[in-house]
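Take the sequence shown: its position 243, counting from 1, is numbered 255 in the numbering used here, and each next residue is one higher.
Mixed in with the good hints, there may be bad ones.
[Unchecked claim] Below, in silico cross-link-like pairs of lysine-lysine (DSSO-like), each with a Cα-Cα straight-line distance of 30 Å or less: (1) K101 / K158; (2) K139 / K172; (3) K359 / K79; (4) K137 / K67; (5) K359 / K303; (6) K63 / K248; (7) K101 / K208; (8) K369 / K98; (9) K79 / K304; (10) K272 / K242; (11) K248 / K158; (12) K98 / K158; (13) K93 / K158; (14) K304 / K63; (15) K292 / K359.
Read the hints as simulated data drawn from the structure, not as lab findings.
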Amino acid sequence: MPKISKGGPLSSKPYGVSAVLLARYTVILLAIALFYLNLVVAEESKPISPKSYQKLIGPGFSTNWFKTETPMKKYSEQNIKDVRDKGFKNLRLRCRADLYSYNYTATNFTWFLKNLTTVVDHCLKHKVIPIVSWIHHQAEVCATQKDHDAYVAWWTAVAKELKDRHFNLAFNLFTELGEGECGTTSNESIRSRIDKYNKWTADVVAAIRGTGGNNGQRILILGSPGKTAKDLKNIKSTIYSNDSYMMAEWHIYASGPNKKKDGQKYWTGDGTTKGRENVKNAIYEATNFTKKYKLRTYLGAWMPQDNDGGKLNENEVISFARFFVSELRRIKIPWSLNVLDRYYDTKKKAWLTGKQKIKGQKLNMSRVLDNIREVMP
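Work out the full structure: start from the sequences and follow the hints.
This is the structure we're talking about:
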């Protein structure tokens, strides 16, 4: 018969010591786990400075999902994975507000918000920077008080929906301000009235900042009052001078370079005859603005092919692309290539290969993209 202690069939003393030690180890391990968890949460909750955010944006694409009424029809989470796997780091989510009425409680707008949130979450999950931007061509041109109020309401709704998302998410307040006439009225557009631009921008900044969550310190990217970097100086400095989480967007070559000899987007051959000088002049406007006004910039749209006249052949397209990207890399300005669909089939979840006919010119855009990737950051 085995010896039985008073405490039971086995010695209780060693068992008791083991239980105490196990409890202590468990407490220590839990404390360590909690410590590291707090570190991660703190890191994720930390606001990002414009200097750091400019580095995070890197190279990426403008997108068309939310320029349609059925954005998820050609969308898959795999799209985001494929973009990141190709070495691209941002997606500019251009959103057409004119697809919806000014009733932002309507069912179709609620669906838009949910779909936008889904794509933003997928971007954040796969380490792609999501940049949400607003488009409404009629509102931009007519720019009535009703349009102003709806613009502020649209951004307020979007900001509230996304207020607790990671600081990697940014809001780009305008995609590109259009020109034109509103019925019989002209010169009322935001682009032609800097006073309207500054009021719309100041009001929407205040509205977004007031929605709570991370939005008080989220990066807001101001749109150019014109389009290019030379127009950035017209932004009223009081909008950004006391806000530590702002940048500005500008763009040129949104429809590519062309062969209009005296134009600012002229390019032929390898660019040695005026083309390279045009690129440097356009970029200088951005770097000079940052130097003078202390506001960092991001280039929101460009393309290497002539999307208007189709005058550049494939070698010229590649020559322009390599030079343009190299110059942007040199002065560390991030960018979004216009547009993802030109290089990637979102519905089929596959990168495009072979020749595409663009404005009468046959171009292998896969080859163009490979050349861009060779010289991008």
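Quick rundown of the hints versus the structure:
no.: 1; hint: K101 / K158; verdict: violated (37 Å)
no.: 2; hint: K139 / K172; verdict: holds (22 Å)
no.: 3; hint: K359 / K79; verdict: holds (15 Å)
no.: 4; hint: K137 / K67; verdict: holds (19 Å)
no.: 5; hint: K359 / K303; verdict: violated (43 Å)
no.: 6; hint: K63 / K248; verdict: holds (21 Å)
no.: 7; hint: K101 / K208; verdict: violated (33 Å)
no.: 8; hint: K369 / K98; verdict: holds (24 Å)
no.: 9; hint: K79 / K304; verdict: violated (35 Å)
no.: 10; hint: K272 / K242; verdict: holds (20 Å)
no.: 11; hint: K248 / K158; verdict: holds (23 Å)
no.: 12; hint: K98 / K158; verdict: violated (43 Å)
no.: 13; hint: K93 / K158; verdict: violated (40 Å)
no.: 14; hint: K304 / K63; verdict: holds (16 Å)
no.: 15; hint: K292 / K359; verdict: violated (37 Å)
Going through the hint list in order, the structure does not satisfy hints 1, 5, 7, 9, 12, 13 and 15.
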